[in-house]
Amino acid sequence: MVHTTVVGNYPRIGDTHEEQKLRRAIARLDKGEITEADLREVEREVVRDVVREQAAAGIELVTDGQITWYDSQSHIARGLRGIEIDGLVRYFDTNTYYRQPVVKAAVAWERPILVDEWRYARDQSSVPVKAVLTGPATLAALANDGHYGTREALAAAFAKALAQEISALAKAGAAHIQIDEPIVAQKPDAFETVKETFPVLAAAKGKATLTLFTYFGDVTEVYRDLLKLPADVLGLDLVEGAKTWDRIAKHGADKPLVLGVVDARNTRADDPSAIAKRVRELRHSVDLDDSYVSPSNGLEFLPRAKAREKLATLAKAASLIGGAT
Amino acid sequence: MSALLTTSVGSFPKPDYLLKARAKASKGDLSAVQLHELEKKATLDWIAFQEDIGIDIPVDGEQYRGDMATYFAENIGGTEISGLVRSYGNRYYKKPIITGELSRRGPISVEWFKFAQARTKKPVKGMITGPYTMMDWSFDEHYGSRQAVAMAFAKLLHQEARDLEAAGAKIVQIDEPALATRYDELPLVVKAVGEVAKGLKAKTILHTCYGNYLEIFPYFNRLPVDQLLLEMSNSGFDLLDRFKREPLKKELSFGVVDVHSHVIETEAQVRERIEKALTVFQPQKLWISPDCGLKARSVEEAQGKLRSMVAAARAAKKAHGIV
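Protein sequences, first through last, are from chains A and B.
Each number in this note's numbering corresponds to the 1-based position in the first sequence with 3 added.
Each number in this note's numbering corresponds to the 1-based position in the second sequence with 31 added.
Isolated chain A, as found in the complex (with noise of 0.2 Å):
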């Protein structure tokens, strides 16, 4: 039976008194009422809400929402030598920003960066918790490099660092570790520095289950490349990148997949039925046992309350898809 996951993030508030206690504490941090310790104790607590969430909504394996990321660049950027962050651009076609990483001097992991946010997360976990980092490529391709010269290379030097954080990540338990490389989806181009990259972080996995995922767009000039890199599982858009159906419908799949289902950016109901219907007809080109069903890509575009209903329709999909046989 196909298995259910998230992609990353998830919404840090919703509509609810409760549920707006991060929003709280950060405004009140703003105003020196509370302390940098008191909001990490605030950040804890949504951190715990939305793990049980997910898991209550019936998703296998969750994230921690990366509710203590400020954005999906500066978050990991900023923990590494050689960088300063900057101001704020849009990230890609959505409507929310990130505040740019501006390399300054050469780049070099010096301590683990999410490790101590995974512990706690799988430590509030009834379910496993996958680890998430933001791929080099997609991190090179954004940042404003005022050092290497060209993409290439600053993408070759995210990748030594990240090698080591997946190092970290493995060592300290993270059975399952998740690169983000939406940059493929929105330029093909961009393959060639994930296909450089991407070996360096798997060779540093150890027993971790590695997964790939892109997401913004399809992928289908580069499907059966990606499919050829060194990742374990392989997570695509099927939303944005419907496209992407018909190429593994014609060439299958001979690693497990993350089937983005689910509408992410759009609060339009989904219909599991045609989604199961949709995903049952892959039964003979993907091994859907060992596959997973997930929301197009992260969960934080929409309101909480809706990110709940999607989870809901991911998990009635799932249950509907049913054994692969």
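Bear in mind the hints are in silico, worked out from the structure with no lab data behind them.
Just so you know, even glycine gets a beta-carbon here, dropped at the ideal spot from N, CA and C.
What you were told as hints is all true, and nothing was included just to trick you.
A short, non-exhaustive set of chain A residues, derived as facing chain B with CB atoms under 10 Å:
{"#": "1", "residue": "Tyr73"}
{"#": "2", "residue": "Asp89"}
{"#": "3", "residue": "Arg93"}
{"#": "4", "residue": "Thr99"}
{"#": "5", "residue": "Arg102"}
{"#": "6", "residue": "Asn269"}
{"#": "7", "residue": "Glu303"}
{"#": "8", "residue": "Phe304"}
{"#": "9", "residue": "Arg307"}
{"#": "10", "residue": "Ala308"}
With chain A held as given, fit chain B onto it using these hints.
Coordinates of chain B only, in the frame set by chain A:
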């Protein structure tokens, strides 16, 4: 001849009494009429402040808006409002959901324009959230086509622009912060903004921010408006060299203070930015503005930034012999 006119992008922070009132109103502890009175008071305060420091082209300050897209959607038929969605940092907004055919219920911002304009002799900008941004910042559960949504908004917003003009607006600003979202859709931005601005006699301004300007640069001259209002401080002034090589054939409002920083720029810092701008642009075609709306700053920070801006513009005018 007027030159180096000072202006603002649109939003100003809400004073504490209004923030508290909005919180009360959202819980049902304050009536809509009582809230409206406080919104009027805050608007008057901001008009008075702008008069006091001598801003040339004032704005109403948008004290009555939560979010720029949500406010317009709330006043357009065929929409609902979602729960909170994050923009960045600790900023969230309620995103519009399009659930049916978009339809105009009546003027949206015209009464506020009239209210503000009646209190100053200077020309207040009429402010419209642009059709592309309205589309991009809404969930579409109805049309299933980004082009169809943008053009449906454009037709409604053209009527809004006409009504602003009829109410006396000499300047109409179309805010398109989403302009640089998808480069392949820039022709749609041009078409939709053109639909809003067509036939207007008022000076038209398009404001955008936070995109890769160098990629959208070829479209700057194609946008069917008289003036662009661009964020320049937060972008590190990268654009100036490009403008040197490929001149803008329109007026420019040049953003000189960073709206995302708590730090209040000094008059000297702002002056330096204005001088940089003057190496590329004729003063007659150059207005001076913050990068973007100041609503995320505190009242004190916003006022400090505006004071530095006006003082620096005044000093620059004097130094260059501009009357």
